[in-house]
Amino acid sequence: MNAYINNYELLCDAGDTEGLMEAIYTKKSAITVDENYLKDRTAGLGIMQYSNIFDVLEDIAQKVLDSSNLENFNDTLLILGSSVGGMQECEDIFYSQKSYKNIDPDRYSMNVLTEHLGKKFGFYDVRALSTACTSSANALLLAKRLIDVEAYDNILVVGADGLCYSTVLGFSALGVLSDKACKPFDEDRDGMNVSEAVAMLLIQNVKTPDSIELKGVGASSDAYHMTNPDPEATGAISSMKSAIKDAGLSVDDIDYINAHGTATLANDRVESLAIEKLFEHNVYVSSTKAITGHTLGAAGAIEAIISCEVIKKSLIPPQTGLKNQENKNINIPKESVSMKIKNIVSNSFAFGGNNASVVVGECQ
Amino acid sequence: MKLYIKNFSSYRSDKEEIDIKKTLKQKYKYDTRRQDAFIHLAVYGAKLLSEKVEIKPDDEFYLTSGVGNIDVVQRTNTTVYENNEALKLFDFINLLGNTTSYYVASALGLKSKNIFQISDNFTYINSLISLYASINNSKKDAILCAIDLLSEPPEITKRVFGADEVQKMCSSVNYQKFSLSKKDAIAEIEFDAKIYSLEEIKAQLVYNNHQIETSKTKMFETLASYKVNDALKDGSDLVFIECFEDRYKILKLKSLR
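These protein sequences, in sequence, are chains A and B.
Position 317 of the first sequence, counting from 1, maps to 317 under my numbering, and the rest follow consecutively.
Position 8 of the second sequence, counting from 1, maps to 1008 under my numbering, and the rest follow consecutively.
Next up, chain A with everything else stripped away, as it sits in the complex (with noise of 0.2 Å):
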């Protein structure tokens, strides 16, 4: 059974869709240098413009919904990606009461979200997947498998993470935050920015005219490390093999890679590494993630929807912020290029070598 991109839409610190695509090829950062989020130093940081989160998903749901062949919701599966779900809701919580004293169980983490939007659209059923900064990469991985077992024939992908001190500390801790927007595969880049975004994917078994196919899905997880990724990079070369010969393709058949390329030392050696080894042909390579940051849970579902945008505009995406390429074994366009474009990996890769990539392509 075939599984297609039907309708999507998002919200990040670049807008929705088309204001996203806009600064991509427009090649303008939406990164915020923020010197009030952290007390003791300054962060780069992908903010949205919102009130709260609850809103920007019935929002962005009801966009889909409205744009969809789909009358409600009522016989779709909603399956949320997220690293740290509502965690804004707990942090919230206990900055105000500094307890969990008066806990409201339907505003407690991964849950709350899914909860949310289950009980405002009556969602079928709903499940969410949290392998950080894989997670909706792998809530696409699984709306593919469950379309082939025909268990359901309309599923909702949801990629969302609001920012929070949690994470934000988090990787600051780790020391692989940028105080300025990030530049990935830059041999002068120090570190990700952490960003926020919601993303919406209507997955179905049936084509309409303007059909992206969900070609194919992989993963691997070489637990190799929990923070770093094999330097011999074999997952990030197994997931991204799997999902090419899922896909029913070879690895020729790729016209451009939109790269994990969170802009951490480690990742995009690593990912840079892991291409140059498995695509011996010129294939197009970037990261988005200099315009947005890193969206963690989210990063998956919003970067199937540029790659979506990609093959609709048959534009590659420049690597904004790139000025020394570390490996310059990969091609690395720094403007857009025009061409004709069957088909895209999208990768993402997460703590403890856990590996995603999606194949999407024009339909057949």
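Think of the hints as simulated: they come from the structure by calculation, not from any bench.
If you're wondering where the values come from, they're calculated on a predicted model, not measured in any experiment.
For glycine and all other residues, C-beta sits at the position ideal for the given N, C-alpha and C.
A portion of the hints provided could be inaccurate.
Okay, derived cross-link-like pairs now, SDA-like style, lysine to any residue, Cα gap no bigger than 25 Å in a straight line [to be verified]: (1) B:Lys1002 with B:Leu1198; (2) B:Lys1088 with A:Ala173; (3) A:Lys119 with B:Asp1246; (4) A:Lys39 with B:Asn1083; (5) A:Lys241 with B:Ser1179; (6) B:Lys1002 with A:Asn2; (7) A:Lys207 with B:Asn1136; (8) A:Lys241 with A:Asn228; (9) B:Lys1194 with A:Asp148; (10) B:Lys1182 with B:Asp1246; (11) B:Lys1088 with A:Glu35; (12) A:Lys119 with B:Arg1159.
From the derived model, a few chain A residues whose C-beta atoms are all more than 10 Å from chain B [said to hold, decoys possible]: (13) Lys28; (14) Ile47; (15) Ser166; (16) Lys207; (17) Thr208; (18) Pro209; (19) Val251; (20) Glu276; (21) Lys277.
Please arrange chain B on chain A, whose structure you already have, making use of the hints.
Coordinates of chain B only, in the frame set by chain A:
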């Protein structure tokens, strides 16, 4: 959807009092540093499973929980807001869902896919569906860990679960190894994605000579996994019906012993 169970492991804190961390260190020579009680519980269950069934590097791994690691959320927030201290590095790392999966994968030597799925409704059955959909494509075997940790003090867990203060709860970890192949299986398990109404469920319960047990006290979200293991231990058949807000899901276990 049908899967075969190769073997299982089970631990429940109210049935057996064990110092998990000490057991991991002394019996299994496992390095417990940088990990917390939630991870220790998951790894302990994995070690028990590995004593009963062969674990292959390409086995897929799924970990599911009702609400995940409540302790670490409480700990990080306390550090930052109450004590006004910097977030401890390993608290942050342990906060992330796939950290537990990583430690289990490392302990078992797994190199394949691992997924942490969290859900406070149909926790176990929904994870079975995900697992089935995945290995139906990969044709690999898969391990499912269902885990819930009763945090200290227990009142926090009860509030997060929305349970009464008097509700009896416990920590539990239950593993099964699943396969699409019947070879060497001890049981088969059937389930589907359908959500049933009460009337539909009543129609499903037209069995003769079957004992019907109603679990009014919800001890933990992954109770279904424990009940499956309990039946596996006895070699008995089981029909398990899970209810969430007047919606029902059903799984059927048939012993092959």
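Structure-based check of each hint:
In summary, the hint linking Lys1002 (chain B) to Leu1198 (chain B) is supported, as the alpha carbons are separated by about 23 Å, within the 25 Å threshold. Taking the CA atoms of Lys1088 (chain B) and Ala173 (chain A), the gap is about 7 Å. The hint holds against a cut of 25 Å. Between Lys119 (chain A) and Asp1246 (chain B) the CA atoms are separated by roughly 14 Å; this keeps the pair inside 25 Å, and the hint holds. The straight-line distance between the Cα atoms of Lys39 (chain A) and Asn1083 (chain B) is roughly 15 Å, inside the 25 Å bound, and the hint therefore holds.
Of the supplied pair hints, the one linking Lys241 (chain A) and Ser1179 (chain B) holds, its CA atoms being roughly 24 Å apart against a limit of 25 Å. Restraint check: the Cα-Cα separation between Lys1002 (chain B) and Asn2 (chain A) comes to about 22 Å, which is no more than 25 Å; the hinted pair holds. Between Lys207 (chain A) and Asn1136 (chain B), the direct Cα distance comes to roughly 23 Å. Compliance with the 25 Å bound is thereby established for this hinted pair. Proximity of Lys241 (chain A) to Asn228 (chain A) is assessed by CA-CA distance (about 20 Å); at most 25 Å being required, the pair is judged to hold.
Restraint check for Lys1194 (chain B) and Asp148 (chain A): satisfied, since their Cα atoms lie roughly 16 Å apart, inside the 25 Å limit. Taking the CA atoms of Lys1182 (chain B) and Asp1246 (chain B), the gap is near 34 Å; set against the 25 Å cutoff, the hint is violated. Proximity of Lys1088 (chain B) to Glu35 (chain A) is assessed by CA-CA distance (about 22 Å); at most 25 Å being required, the pair is judged to hold. Only pairs whose Cα atoms come within 25 Å are accepted, and Lys119 (chain A) paired with Arg1159 (chain B) is accepted, the gap being roughly 20 Å.
Non-interface status of Lys28 (chain A) relative to chain B is upheld: no Cβ of that chain comes within 10 Å, the nearest being about 31 Å off. At roughly 19 Å from the closest C-beta of chain B, the C-beta of Ile47 (chain A) stays outside 10 Å, upholding its exclusion from the interface. With a cut of 10 Å on Cβ distances, Ser166 (chain A) falls inside the contact zone with chain B, its closest approach being about 5 Å. Look at Lys207 (chain A): its CB is around 21 Å from the nearest CB on chain B, clear of 10 Å, so calling it non-interface holds up.
The beta carbon of Thr208 (chain A) sits about 23 Å from the closest Cβ of chain B, which is more than 10 Å, so the claim that it is off the interface holds. The claim that Pro209 (chain A) lies off the interface holds: its Cβ sits roughly 28 Å from the closest Cβ of chain B, which is beyond the 10 Å cut-off. A cut-off of 10 Å between C-beta atoms confirms that Val251 (chain A) is not in contact with chain B; the least separation is 20 Å. No Cβ of chain B comes within 10 Å of the Cβ of Glu276 (chain A); the nearest lies about 22 Å off, and the non-interface call holds.
With a minimum CB-CB distance of about 18 Å to chain B, Lys277 (chain A) clears the 10 Å threshold, and the non-interface call stands.
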